[in-house]
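Protein chains: 6
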Amino acid sequence: MAKAFVAELPDGQPVTSYFVAKQVQARQRRSGEAYLTMVLADRSGELPAVVWEGVEDLAHGLADGDIVKVQAVLGAYRGERQLTVTRVRKAAPEEVCLEDFFPRTERDVAGMLATLDEAVAGIGDPHLKRLLQDLFSDPTVRDAFAMAPAAKAIHHAFLGGLLEHTVSVVGLCRLLADYYPAVNRDLLVTAAILHDMGKVDELGWERVFDYTDAGRLLGHIALGAFRVQERIRSIPDFPVELANSLLHCILSHHGELEWGSPKRPKTLEAIVLHYAENLDGKVASFLSFAKRYPDPQHPGWTQFNKALDRYLYVGQPPNEAGGSESGPTANDG
Amino acid sequence: MAKAFVAELPDGQPVTSYFVAKQVQARQRRSGEAYLTMVLADRSGELPAVVWEGVEDLAHGLADGDIVKVQAVLGAYRGERQLTVTRVRKAAPEEVCLEDFFPRTERDVAGMLATLDEAVAGIGDPHLKRLLQDLFSDPTVRDAFAMAPAAKAIHHAFLGGLLEHTVSVVGLCRLLADYYPAVNRDLLVTAAILHDMGKVDELGWERVFDYTDAGRLLGHIALGAFRVQERIRSIPDFPVELANSLLHCILSHHGELEWGSPKRPKTLEAIVLHYAENLDGKVASFLSFAKRYPDPQHPGWTQFNKALDRYLYVGQPPNEAGGSESGPTANDG
Amino acid sequence: MAKAFVAELPDGQPVTSYFVAKQVQARQRRSGEAYLTMVLADRSGELPAVVWEGVEDLAHGLADGDIVKVQAVLGAYRGERQLTVTRVRKAAPEEVCLEDFFPRTERDVAGMLATLDEAVAGIGDPHLKRLLQDLFSDPTVRDAFAMAPAAKAIHHAFLGGLLEHTVSVVGLCRLLADYYPAVNRDLLVTAAILHDMGKVDELGWERVFDYTDAGRLLGHIALGAFRVQERIRSIPDFPVELANSLLHCILSHHGELEWGSPKRPKTLEAIVLHYAENLDGKVASFLSFAKRYPDPQHPGWTQFNKALDRYLYVGQPPNEAGGSESGPTANDG
Amino acid sequence: MAKAFVAELPDGQPVTSYFVAKQVQARQRRSGEAYLTMVLADRSGELPAVVWEGVEDLAHGLADGDIVKVQAVLGAYRGERQLTVTRVRKAAPEEVCLEDFFPRTERDVAGMLATLDEAVAGIGDPHLKRLLQDLFSDPTVRDAFAMAPAAKAIHHAFLGGLLEHTVSVVGLCRLLADYYPAVNRDLLVTAAILHDMGKVDELGWERVFDYTDAGRLLGHIALGAFRVQERIRSIPDFPVELANSLLHCILSHHGELEWGSPKRPKTLEAIVLHYAENLDGKVASFLSFAKRYPDPQHPGWTQFNKALDRYLYVGQPPNEAGGSESGPTANDG
Amino acid sequence: MAKAFVAELPDGQPVTSYFVAKQVQARQRRSGEAYLTMVLADRSGELPAVVWEGVEDLAHGLADGDIVKVQAVLGAYRGERQLTVTRVRKAAPEEVCLEDFFPRTERDVAGMLATLDEAVAGIGDPHLKRLLQDLFSDPTVRDAFAMAPAAKAIHHAFLGGLLEHTVSVVGLCRLLADYYPAVNRDLLVTAAILHDMGKVDELGWERVFDYTDAGRLLGHIALGAFRVQERIRSIPDFPVELANSLLHCILSHHGELEWGSPKRPKTLEAIVLHYAENLDGKVASFLSFAKRYPDPQHPGWTQFNKALDRYLYVGQPPNEAGGSESGPTANDG
Amino acid sequence: MAKAFVAELPDGQPVTSYFVAKQVQARQRRSGEAYLTMVLADRSGELPAVVWEGVEDLAHGLADGDIVKVQAVLGAYRGERQLTVTRVRKAAPEEVCLEDFFPRTERDVAGMLATLDEAVAGIGDPHLKRLLQDLFSDPTVRDAFAMAPAAKAIHHAFLGGLLEHTVSVVGLCRLLADYYPAVNRDLLVTAAILHDMGKVDELGWERVFDYTDAGRLLGHIALGAFRVQERIRSIPDFPVELANSLLHCILSHHGELEWGSPKRPKTLEAIVLHYAENLDGKVASFLSFAKRYPDPQHPGWTQFNKALDRYLYVGQPPNEAGGSESGPTANDG
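Chains as they are written, first to last, in the working numbering: chain A, 416 to 748; chain B, 416 to 748; chain C, 416 to 748; chain D, 416 to 748; chain E, 416 to 748; chain F, 416 to 748.
Treat the hints as calculated values from the structure; they're not laboratory data.
These numbers come from a predicted model, not from an experiment.
A virtual CB, placed ideally from N, CA and C, is assigned to each residue, including glycine.
Be aware that one or more of the hints could be misleading.
Stated by the list, open to error - Selected chain E positions facing chain C (in silico; Cβ < 10 Å):
(1) E495
(2) R496
(3) Q712
(4) W716
(5) Y726
(6) Y728
(7) G730
Chain A on its own, in the form it takes in the complex (with noise of 0.2 Å):
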């Protein structure tokens, strides 16, 4: 049955496609019968819903997070359009796919993941890379690690943002390496594909982006050094040195005590991974934001952006500005 979506969905017709549930909340009438309010969603947007019949069979079979099959019929209450209802019940696994639910990367994710093996493959030092290898051969780390956000929330919340981070980083190292010359690159290299790796134990995305209880309790970054210094141990000779500096990285990459890192970085590969990712991250922040926050009232402009604490500027396009100040022969000499 092909997927209808939220965004799509014809005002006033019935529809019958699986959403993902949240909200999901009992509540009574005056007259004291019982009804539920949920949202329906999934990766084109959500709507509010409202299930009048058959409710006590529901009420205790649905959690948050819940995909659902659902027969309902999209009108409006006060104004705001709201899907009434009908038939509802849990979807079993093989019916569903993820991606329908979730906003997941727009990029390619198998050209991704051959862009993660050739810089692999580009490794020199025989330690880091039978290392890496290690890892992505196992095809339950490729798959999370193909699948896995990079966050609740902020930046690359989204199916294949760890992905799509992590590619984005390397990248941005590589050049770095290029750059700085006093750089070790393969160690560089390497620490980037590692760094957020814990990412894949410390989020769940099964059924809404959320914490793990490893992930509360433990991080990705204390996370990700476990995965990493235990596969080392399973690699022989692996040099005592060269473990210390690809965990120091891993360990020191938020760069700072009070952002989580319980060490900071202290070695070249070490500083360049924390600005690289920092600036990563706030480049795709500030893109993701700008674009699904602009504000109307103040052209130019994002809405407030809580994690920054402060508005950001996209300002006018460089060239239409100019040419609109500036007059027909002027300055172009």
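Given the structure of chain A, go ahead and fit chains B, C, D, E and F onto it with the hints provided.
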């Protein structure tokens, strides 16, 4: 050969014994001749020393922290006591006993180990007990744990300091588990035993107390978590939640991100461990500082304590103060 | 008249009882007629209420926090339960018992006072003992100390909260004085008993829990120090040093300037008191928050705790978790 | 015997006079003989001194801060001026006048006290006036208030400094009360007079300027509040609200918790007092530092001021700067 | 047409007048028909409004902050007053007078300008005087300076607020220059006049008070320094040192880097200006907040002030408080 | 006369050359005779020096930072090398070449200027290009820009440092503009070229590297913004938005208020510039510190770096580490 200790060297008489060489510096007399200055130390104290002869042979051979065999005479230079060294050579490891050179715990190491074993024996949870037994039945771990200092400076900066600090925190946590019945006693006691285990890897104590490369790059919080996590993986069916909770206690025991924990305490046991560990360290610091750095110009006060950023007040001994001012009939009239 | 509690009100039947009125607001119907909305509360919970009749007479007579006698019927409005009030008047103080309206300690007040008296009796230092006896033999002080909450919110925010918190800190300090023999036990226990005494003046609890003018302007640290210092002045020959040390414990017990202590702890007893008090408050907050705010969407977790700026993890009961993951014969051998 | 001041001692001639002994240290010559080094100081400056003879008798008798009678000759050691002491003994209190030894205010103490009395006389509120009269009619208080320094260092660190600082803040607050009519003038002026009264108890000035035990343990904010609160209690019918407001000004005058105030200013008078006090202290620090620590290498600048964490700029006298760069007829047209 | 002010609109009668439209939102009825909600405001207050008819023509024509001519009737919706609009169109600039729509200073603008001119006239230094005359003789500057608010919110957020704040700071600085003779009076007064001049460029006030693009990107500190520096460059022989000192005052007047000053005050005049400006702003905030946000539930207190992060205390009028607690004959003797 | 460099002075032979005099101090021998100590320095190092004769004539003539012509002999004093000066006089500017005395960039200045010119030539936006051309075609600016150090200490503290740092940041920004296509390349490159231009005014380098008065009072961020803003005003039709965006980059490039930027980055270009500049500075600091301050006691580590508040780890050369632990056939099996 019985060790001659710095604190007991007789003035003006030749002495032959072993010391740690520190701050070794090659210098040049006006006449152009080379000489060597250093500080010779053992667990009882330290003295400046000078070597006038045979310096060329020594210059490249001596490094800070070397234990040396020395023939010298104690004199004075500008009013300060100084050793004039007539012969000096590096000592072989088998010639020396580390505890002669470094401050060591004043408590009985075997007794403290027994206390620890008894705490392990008292653990009811089979997984936690097995984890502890696995770790401490490894003689390398056990010996290092018994020998390691708990710090380079500040508190418990002596051989056996880690053990002494651990035993004290464990004892306190057992009291607290009794006082707060909601606490998972087995978990708290296990976490108390293991919380600083990473110091075995973070600190070196064979020459001078100092951080190892791994200590500086990864820190004892991550190093301890690595050890525990690795051992947990080798125990079949170790419950995931229990592992997460234990590792969380270790990672969060510094309490705040800016104090080096990548996660802040989120469980009751982690909260209790953090306070117990912090309190025990502060009490130990207070007592050791008060003993070593009284300020003769301000009776009852210590010199300025940089770590705490304040002066500490010891006051008058309680019974003396009480006695002198109250007496049997006083103060009630 | 037996109190009818909010949590047990029957639907659709008239009820007559006493409640605290909160958020009293005069409103106007489309038709122009005035009505009143408020929240009626007692220690068991609270309900929205509406008064349709006789509003003019009430409008200026009711203030937030007033205890009122009410005749009402429990119905529903937009699916939420709501009281429709038919008669309402302010209650006279003699009609009501404060403990019906505000949450109160679940522990036995008389028993806790006895514990405190026993702690006072155990003080050996005659000046400290006399100070405590003088303070607690004053019935105004004793009664207020037994009744006061320990906070407006966060932890021990209920009648008897100050006493419960104090007894708990005293008990912990007695343990710690045993554990650390260098501690002046009499001084520490006295300081533990008196450390939050200023809350008697800082908080009001006769209508709603809130700060008094003196509480907002001076705070419980200064107010408590005033009370203790004044009482000390009335005891002949109270040793100056002992007075300074005791007042220091009170002034410094928040531990840091930015937490409202004008001095940081500089004595062993002040350090121990600060940690004991902080730990006890954190444990109490944890348990009370975990009980009241579990997060049904994240089993084992609480909702977000603003005071601690984190989610808290309660986890599964240890034996259940162990059992479910280890199988019948495993791990017990 | 007329005091011979350090700044005016003649080279090479014997002198007999009184000085403060500081940094007294017993030392040992190469030959094994003991000698003593110290610094001898009075309000005009200080000089290193050495005692070669009769040291044994002195060693335990002299403490830092003692005022001593000395017979000595001024010579030089390694190019620095040094006193060689031939006789030294502790002086009896009646032999000396404190103001010879410590820096003292350059302003007229009696005149400043009169200014203060005049400010008290101008208070209209009878309770506040009585409070001030009660406090300052006590000769112990009055004398201590006239003599106390306002700080151990930084600003007003001289005899009479508290009085000078207080008079200046009072004058400024009177101006501000005129400028901002909403201010309760009597309250502000009273608070200005009393805000630092606790320094009388916080600082000792009979030997060296230093904190007393009470000063270090309780601080001048609490000590001042104690004095004022105690005196208020002795005045019948002193309005509670007025007492709270006045004590609030004293407790909050440092402005922020991290600057040692247990409450931040919440009333108009407390806000004004905080700024007036802060400004006056900064102006005094600036002028005194600029006078004492010009940086000859950077004309117009001071040396680095640690308390303010910056260099201060005094600049050229305005007319000189103007004159030198503009010429006689320029810029006026 | 005389302006009908929001605060004085009669119930139930048609009104025709000008208002600022805010929060304009297109909505949809259940029936599918579009309608518009907005808030209509002027300097006396604001009211919710709804437009049922002719919405399509309006939708794209109205933007937040537009001044509109409106025909409407005042009714009620769910007990809240609401305007039902029957006709609405954008007003032409010449139809309206800004001061009808925005809060404005209650003081006399011409009188304040005269005070400023008089302060300029009192400057003795010829360069500073010329600088001020050059700036304020430019009618664009003069008019903007007279009209600009001093803030978007917090204090002096009304038309004429910049002028009112500046005149107040100038007056205070003149007092302080008298009180501290070491201050360069001409420099301080000039700096006081110019310190917030950049607000003319930072804030827009023609539609709603808000930051301009330049205001958000560069800020009033830099914008003001630009204006002053540019004008200084146009004055021949303006002494470099004087220019540096004046610009330093402007750049540093926020006092700390984290408050937006790129340099902290290093001269006496910059220090005094910083405190004077800060104090004056705080006093104005206090008075305006106390007037607008009293907390009826806590007599004598304001509601919570977010900018200051505290409740403010106004207290009882002093004589009333005194009177009520002291009785007829007390305290006057 | 060929410069004799400090690092190459022969022992015991007379030398005549030019040096910078630092730490000039008049002293007095025991015999009462005056002498002078100073440090004589050039770009290769520095040596203590003493002048025994003719001191009276010199005393008032020499200031720190003067370049002097000196006749001296290299000997030793207490084992340290020391110059005994027999003749000394101030050098005339025309006698000396600054680059002999101060450390200078090791890169080719003309080449770096050419790189800058090439970057300017690559700017497409006509206004930005003209701005850059106007600025750099002024020979005073160009020369100062080529000569200025980038700091008094920390990184790029040598002649040509500003140019070297700028060229490196420009190069990095060009890479980043390629990597992030959303970036306005012309704006970013222009901002990179100009971001530290204010250092030309902030630092003096003709005697010692130190802040100018304007540098200390206004700082390079404001000084640079002044220069750029002034030049922009002279270009007709320079788009306002482009000017704001460029000035915003300059003002915000330190990234945070507490690091001295009066605005934080709000545009994509400002964000990228901030990270690029920060990263480039950190890399330069790392490399220069690692080269100059290795810690011989901790191979692979530097001494403590105060600016970064940590030790830095250089590690073993990668191939050596790899080689020594793996060998040709190892690790692949």
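How the hints compare with the structure:
1. E495: Given a least distance of 8 Å, the restraint on E495 (chain E) holds.
2. R496: holds, 9 Å
3. Q712: At 5 Å from the nearest chain C Cβ, Q712 (chain E) passes the 10 Å test, so the hint holds.
4. W716: With a minimum Cβ separation of about 7 Å from chain C (threshold 10 Å), the hint on W716 (chain E) holds.
5. Y726: holds, 6 Å
6. Y728: This hint holds: Y728 (chain E) lies near chain C, its Cβ roughly 6 Å from the closest one there, short of 10 Å.
7. G730: Since the shortest Cβ distance to chain C is 9 Å, the answer is holds.
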